[in-house]
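*Asks:* Residue strings, one per chain:
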Amino acid sequence: EDQVTQSPEALRLQEGESSSLNCSYTVSGLRGLFWYRQDPGKGPEFLFTLYSAGEEKEKERLKATLTKKESFLHITAPKPEDSATYLCAVHGGTSYGKLTFGQGTILTVHP
Amino acid sequence: NAGVTQTPKFQVLKTGQSMTLQCAQDMNHNSMYWYRQDPGMGLRLIYYSASEGTTDKGEVPNGYNVSRLNKREFSLRLESAAPSQTSVYFCASSEGAANTIYFGEGSWLTVV
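Order-wise, the sequence lines are chains A and B.
Numbered as in our numbering, the first sequence ends at 1097 without a single skipped number.
Numbered as in our numbering, the second sequence ends at 117 without a single skipped number.
Treat the hints as calculated values from the structure; they're not laboratory data.
All residues carry an ideal CB built from backbone N, CA and C; glycine is no exception.
Only true hints are included.
According to the in silico footprint, chain B covers these stretches of chain A (three or more CB under 8 Å from chain B):
| hint | stretch |
| --- | --- |
| 1 | 1012–1022 |
| 2 | 1027–1034 |
Below are the BS3-like pairs computed for lysine-lysine, each with C-alpha atoms no more than 30 Å apart in a straight line:
| hint | chain 1 | residue 1 | chain 2 | residue 2 |
| --- | --- | --- | --- | --- |
| 3 | A | 1028 | B | 19 |
| 4 | A | 1055 | A | 1043 |
| 5 | B | 76 | A | 1028 |
| 6 | A | 1045 | A | 1028 |
| 7 | A | 1045 | A | 1055 |
| 8 | B | 62 | A | 1028 |
| 9 | A | 1065 | A | 1028 |
| 10 | A | 1028 | A | 1049 |
| 11 | A | 1055 | B | 62 |
| 12 | A | 1065 | A | 1045 |
| 13 | A | 1054 | A | 1043 |
| 14 | A | 1028 | B | 14 |
| 15 | A | 1065 | A | 1043 |
| 16 | B | 19 | B | 62 |
| 17 | B | 14 | B | 76 |
Whole structure, please, built from the sequences with the hints as guidance.
*Replies:* Given below as structure tokens:
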């Protein structure tokens, strides 16, 4: 069974204070690891897909990296508008179309 | 760009009532999904449709039925609502099973 664990559960940062969110996973045959952002009262918004260890993707202040056991979402010089819940999900080889989600990390960036 | 559109946004039901959540996507995607999101449980797959004409159970299908009406539309029906079905429901779609899944804005359902 695919499993995803995200840490920390909540993270408070000052504006400009860089940090990283962790996503540890176990999966039979990784077909993709996904990062989403979710704002209160909204649906998950797609950020990145990573397919193989060593892969990195960047978008504005966010950078996602992948190893064989975990993924990191690095946030550089965050702004208050980066405050949201960040969700990690994996698509395993034995689960057709089914994403297994972690519980999410609630990020709050204070001005 | 509408993407994935769900209706209604909010609904309150009495125990035992039935209702259908509607979902449509305009991205010409083949696969569609229904997820529910509960505090402490994360997002869990209810049903999915790999392509038009097919549907399959996900992780938590009990108490639900689905219909893939055409390539664009995928509905979720609660035949006899129970308080345990109080949740936020998300419809989603992807080009194929291994592709990125895009979500709608959610439907908040309360069963009293």
